[in-house]
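Peer 1: One line per chain: the protein sequences are A and B, in this order. Okay, so the first sequence: first residue is 129 according to the numbering used here, each after it adds one. Okay, so the second sequence: first residue is 21 according to the numbering used here, each after it adds one.
Treat each hint with caution, since some may be false.
Claimed, not checked - Pairs of lysine-lysine residues, derived as DSBU-like cross-links and limited to a Cα-Cα distance of at most 35 angstroms, are as follows:
{"hint": "1", "chain 1": "A", "residue 1": "K314", "chain 2": "B", "residue 2": "K292"}
{"hint": "2", "chain 1": "A", "residue 1": "K312", "chain 2": "B", "residue 2": "K285"}
{"hint": "3", "chain 1": "A", "residue 1": "K454", "chain 2": "B", "residue 2": "K292"}
{"hint": "4", "chain 1": "B", "residue 1": "K285", "chain 2": "A", "residue 2": "K454"}
{"hint": "5", "chain 1": "B", "residue 1": "K196", "chain 2": "B", "residue 2": "K212"}
{"hint": "6", "chain 1": "A", "residue 1": "K524", "chain 2": "B", "residue 2": "K292"}
{"hint": "7", "chain 1": "A", "residue 1": "K242", "chain 2": "A", "residue 2": "K215"}
{"hint": "8", "chain 1": "A", "residue 1": "K175", "chain 2": "A", "residue 2": "K312"}
{"hint": "9", "chain 1": "A", "residue 1": "K215", "chain 2": "A", "residue 2": "K454"}
{"hint": "10", "chain 1": "B", "residue 1": "K377", "chain 2": "A", "residue 2": "K524"}
{"hint": "11", "chain 1": "A", "residue 1": "K524", "chain 2": "B", "residue 2": "K349"}
{"hint": "12", "chain 1": "A", "residue 1": "K149", "chain 2": "A", "residue 2": "K241"}
{"hint": "13", "chain 1": "A", "residue 1": "K439", "chain 2": "A", "residue 2": "K324"}
{"hint": "14", "chain 1": "A", "residue 1": "K439", "chain 2": "A", "residue 2": "K454"}
{"hint": "15", "chain 1": "B", "residue 1": "K349", "chain 2": "A", "residue 2": "K454"}
{"hint": "16", "chain 1": "A", "residue 1": "K334", "chain 2": "A", "residue 2": "K215"}
{"hint": "17", "chain 1": "A", "residue 1": "K331", "chain 2": "A", "residue 2": "K314"}
{"hint": "18", "chain 1": "B", "residue 1": "K285", "chain 2": "A", "residue 2": "K524"}
{"hint": "19", "chain 1": "B", "residue 1": "K128", "chain 2": "A", "residue 2": "K439"}
{"hint": "20", "chain 1": "B", "residue 1": "K292", "chain 2": "A", "residue 2": "K312"}
{"hint": "21", "chain 1": "A", "residue 1": "K454", "chain 2": "B", "residue 2": "K209"}
{"hint": "22", "chain 1": "A", "residue 1": "K524", "chain 2": "B", "residue 2": "K234"}
{"hint": "23", "chain 1": "A", "residue 1": "K334", "chain 2": "A", "residue 2": "K192"}
{"hint": "24", "chain 1": "B", "residue 1": "K133", "chain 2": "B", "residue 2": "K209"}
{"hint": "25", "chain 1": "B", "residue 1": "K133", "chain 2": "A", "residue 2": "K439"}
{"hint": "26", "chain 1": "B", "residue 1": "K247", "chain 2": "A", "residue 2": "K454"}
{"hint": "27", "chain 1": "B", "residue 1": "K196", "chain 2": "A", "residue 2": "K403"}
{"hint": "28", "chain 1": "B", "residue 1": "K196", "chain 2": "A", "residue 2": "K439"}
{"hint": "29", "chain 1": "B", "residue 1": "K374", "chain 2": "A", "residue 2": "K524"}
{"hint": "30", "chain 1": "B", "residue 1": "K217", "chain 2": "B", "residue 2": "K196"}
{"hint": "31", "chain 1": "A", "residue 1": "K439", "chain 2": "B", "residue 2": "K217"}
{"hint": "32", "chain 1": "B", "residue 1": "K38", "chain 2": "B", "residue 2": "K128"}
{"hint": "33", "chain 1": "A", "residue 1": "K215", "chain 2": "A", "residue 2": "K175"}
{"hint": "34", "chain 1": "A", "residue 1": "K439", "chain 2": "B", "residue 2": "K285"}
{"hint": "35", "chain 1": "B", "residue 1": "K38", "chain 2": "A", "residue 2": "K314"}
{"hint": "36", "chain 1": "B", "residue 1": "K196", "chain 2": "B", "residue 2": "K234"}
As the list claims (entries may be wrong) - Quick list of the computed label-pair ranges, beta carbon to beta carbon:
{"hint": "37", "chain 1": "A", "residue 1": "D267", "chain 2": "B", "residue 2": "R37", "range": "39 to 47 angstroms"}
{"hint": "38", "chain 1": "A", "residue 1": "N263", "chain 2": "B", "residue 2": "E282", "range": "31 to 39 angstroms"}
{"hint": "39", "chain 1": "A", "residue 1": "D322", "chain 2": "B", "residue 2": "P330", "range": "29 to 37 angstroms"}
{"hint": "40", "chain 1": "A", "residue 1": "E354", "chain 2": "B", "residue 2": "K292", "range": "38 to 46 angstroms"}
Honestly, the hints are just simulated from the structure, not real lab data. Beta carbons: idealized from backbone N, C-alpha and C, even for Gly.
Residue strings, one per chain:
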Amino acid sequence: MDFSLTPEQETFRQTLRAWLKANIPREWKHQGSSEIPRVEAYQILKKWQRTLHEAGYIGLTWPKEYGGRGLTFMEELILAQEMALAKAPPILNVLGVGMAGPTIIAYGTEEQKKRYPAKILSCEEIWCQGYSEPNAGSDLASLQTRAVKDGEHWVINGQKVWTSFAHVSEWMMLLARTDLAAPKHKGITYFLLDMKLPGVTVKPLKQITGEDEFNEVFFDNVRVHESQVLGGVNNGWQVGITTLMYERLTLGFALQTRLRIALESLIELARRMEKTSGRAVTREPAMRQKLAQLWIDTECLRVTGARAITKLLRGEMPGPEASAGKMVWVETHQRLQELAMEIEGPYAQLWKGSEWAVEGGVWQHSFLRSRANSIEGGTTEIQKNIIAERVLGLPKD
Amino acid sequence: MDFGFSQEQDLLRSTARKFLENECTSTFVRARMEEPAGVTDDFWMKLAEQGWLGLIYPEEYGGSDLGFVDLTVLMEEMGRCVMPGPFFSTVLLGGLAILEAGSPEQKKEWLPKIAAGQAKATLALTEPNARWDAAGVTVTAKEGKGGFVLNGTKLFVPDAHLADVSVVVARTAEGKSPEDGVSLFLVPKGTKGVEVKLLPTMDQTRKLCEVTLKDAAVPAGALLGTKGGAWPTLARVLQRATVALCAEMCGGAQRVLDMTTEYAKIRVAFGKPIGTYQGVKHKAADMLVDVENAKSLTYYAAWAADENSPETALAISMAKAYASDAYRKVSATGIQLHGGIGFTWEHDLHLYFKRAKASEFTFGAATYHRERVAQLINL
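Just chain B, with the same shape it has in the complex (with noise of 0.2 angstroms):
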């Protein structure tokens, strides 16, 4: 048993560490939050030039074939910066979709470019409904002549505005069980009948959409992955994307600790500095064992989605319910250590305070990974 990084994975840390601190600052993402594209093309293509954007796929799509693991790694330097843009929804959500449910033609059309950074992709799941299991998937997908035409709205989907395929959900039938009958499709930029809104959000680093499909045609080959039996592998795709999130908190959270425990150090007040007080020493501790606890929980699920563990789902879960809470409490926690200096939009600490909100409720928050976990121990 080795419960550790490796030497390589080690570099690819100090590596991103250096790259992020130089090209993501903190000015970076605030500029970013105030455009709709959320990255400019400068960062995108040093994104692919650092094989980041490919780092999870086969080299014969133009990826890097490394693991999730590895990608922890990554996760967690992105996390550490608040990175803006569209990695998350192309790399992990339409590009690991297609990746997982495509027919080698589809991976090869689209896999090689998305790592070259020539075309940003996302997935569209979730309904105003705001459920993550099958039956929050109503929106329909009727087959008819060469292919098929998708009605309803998607909710929160990430970076519709900038994708130039976006993996749609839809129901192509009426089962048994509401798994039953989900199917995805390839639905490429300028689709008639698809309209995206870009949608305020509080955690400006993140962009959602709504994208409403009406009378939206496709032809037969969008279709991804077996028709009506997409679920098993779109669950797949959400678990895995779960494991990155996690990583990405981890990394948030354990920014805000560091950013916490150096400003403890220099605040003087009653002629000390406020590291010196218990009130403020044991949150600190409280947060650092919440930092540890949310890694281990997080390294656990990553390494368990790469050896396809039969805990797979469980330890994503547990990680899942662990690190939402406690990105939400460290970095609420962080913000009340630094006084009022936290509150204010100057500071970066908000940029985390609201990255863990978002992050929070992105794939389930705590209670609802909680009762999966009480689920899966057959409680």
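Bound conformation, chain A alone (with noise of 0.2 angstroms):
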């Protein structure tokens, strides 16, 4: 058992951090949360992808021929780490990076390959993904969103829904059902779906917070070429699921990186209020309990997630420990926000545009986000399934 690193690793470190340090927008102003992105910042992210991606700190484990730099999941732990401490702003084509990509490149003809990651990277072309329908949410190898073959065409019709990032996506992982007559999960296919092509309409969908961050997609005949299926004819389900794992450890980096800068921010939250509303937050007991619990659940989901790269950097398979992640870490958010609101007290009922909204709101914004977190990627009721029967072997209904 060794928590230290390589020589190169150290230097790797060290370059980064300074990296950081230097080229941090100045416009980017810390949020107090550890959200995906938000829509008014989307143009300083655009801009600090290409930066991060251009100093060669984005697509780390990628194949050096796809636009990655081919390293290991170290490197991609201690980028994690380093953004964190720098309180750096988040990855704006999250999805083409944690999802779309590795997938193109475990699936993908030659040319796809070509074609695809690079841009992802250069944040050039931003992904969504469009796997969530009305009638398929949990149960998602229900979908219903059809693709019928015609010449060298598949003619999509149906409708996505809760697609984040869609009104701003160049692209969609898209999951169609081409063969009715096969079982649920072997009829389904995996397309690149270009968004501007006739017949995709993107209707934004207010949420909680009163933005329209997510949407329904629609799609009315609308015609793909055949060289944009990826991984197979009604080879969907696999292409979609198998990357899943390490999408979830990639993405999962990134979720405890932005967690420990939202638990950092949030002490700094409390003894802010203490100037505000004279209230010493950091010196009740009961506080304190709080705050150190999810300094531990945080820590906790570092060294779990420690614990799932050595399995891979072994070359086994992630267990236990990966499939948790997402739930400890859903789990521990919520609980922030929650706090960060208990901490306000009476002032967490204002919203921005108050001259007394702490941090201009912020964090009411952030609080009611998270109520997604236990919904999105798979609701924690079906990753307990998961774990109960994957994990543990327990039956199936």
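Combine the two chains into a complex, taking the hints into account.
Peer 2: Take a look at the structure:
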């Protein structure tokens, strides 16, 4: 057991640390939450990802030939940690970098691999994920969006929902049903869909925060060329889920990072509230207990992640440590956001626009946004089923 | 970075698992619960033969010179079978205090005997005030001609009735801070003025004692470490013992999860195994998360202890806070998912439930360690 870095990794860390110090955009105001990118910050974030990319700090584990650095998950972990410490802005094209890219590299044709990954890293092309439908959420495999072959094209009809980034995306990872007769997991195909194709309509959905961060996407006879199939016709379920593990791991680093940023901001908030309301929050034993528990849980995610990486580096598949990660992150983050409200006390009621709102009301936004965490990317209930069935071996219903 | 166990450590685990499954059965544990000794001579000598009583001591004192990560593996296995007896008090309290604070002569006198199974030891720290910090130490040691005279009461002392030597924590002076003036003394069995009373305990696999010191005189050579300056060393001993306890707790919690999972697969209700129902599945998943998280933090703490990392104190408090809650919750859920059978004396679950409670309050419960974390992160 050894937590220390090799001299090369240590150099990587030091270089990165210095680079971050010099390059974090001055106009970036740290927002006090661990959220995915906010709408109004898209331009800054797009530029930020480009800057990171030019310096070679995106796609560390991707092969060099597709724009990556060919490094290990260790460097990826170091990057996540250093970004947390530096309170760096998040990566805008998070679904592209975390999911679309690795999936294309794993399953794509040479042509696809040359075409897409590099532009994902540079943030020239933002990706969204077309999985959920009005009648297929947790039970994703019952999705009904249809793709019917017509010459060299597939004709897509149907609807996706809760699609984050759809309104700013160039591309979508689309799961559609291509064989009605096959069992539900076997008749699905994975498409790389150009969002500018005729027949694609994006309708913003106003969410709990009052923002239009996610969308409904409608497909009306959208013609997709057959070269846009990823990983073979009717193989979409396999393609979609085999990379989920790795995605969970890489996104997991980023999530742990953002949690750490949020926690440090929360502690600052607790200190600042003393000046605002005269209430010495950090001296209250009950609050100290809650803050300490958050610290423990955040650190726990870090070391649990390290156990999962060790398995990967040893060539083993990620085990129970990885599958529990999402669930733990969600519970911890929602508790963190609840605590932010508790720390603000009656001020928690004020929304942005009020001069009395604490820190411009950012915590109110992230608090509301955090309710989605236990639903998006697989509900907590589904995660628990997965753990119980696939890790503990309990019988399926 | 490599945050996993080595092949040697995996081998130690499988050896320990096999040995304990044969030697430390439920029948054995239950028999020991009924007796004051808590262990048989035969079993104790077998632990010595395995090299486990000296696992973490240097070779020159008859040990194997292994570290806390290695020990973690062994402790998990011992926790898995709720191993009774004075292993913890001897190896990780009394013995470790002697190793950390003792002079070469003191170490030479006691450690080889401990490693060989010929001596048992303990640490008498806590008192009726039930504190784990230096302010809790009120037993006095007055220096006189040729030695010290000890007075006061120690409580919750593990296995003092079995110990050939007790390391007694006493105050030789009042200082500016509670840490000043704390000293350690080697008090051998049979010392005049020392009365040891075995207390009935909820967890019968752990034997706790009251130790009353009435003008108990020890020679000057009984002083272990610096007079009045023992607290930092003692704190280090407690930290390390805490890591070991956390590992034992992880092992116990893992066993409860294993038992519960197996039961949920075979117990049928409403025509299906109960593990089919989400009400059971989700609880089982929560148990797994608790167990895995407790392990992560414990392994990290053990590694930090071996490395003397500046984060050691923080890592250990994080681990103990988490493991205290986790073992309690997991063992309680284990009972719940077993239903009525889980509440019986016949089923082993109560052994784990009680051990979880005893462990929770040993070296500070979760609330205590969360406050330690708060201090260590400068909150």
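Peer 1: State the violated hints by number, sorted upward, taking the hints as numbered earlier in the document.
Peer 2: 8, 13, 19, 21, 22, 23, 25, 26, 28, 31, 35 and 39
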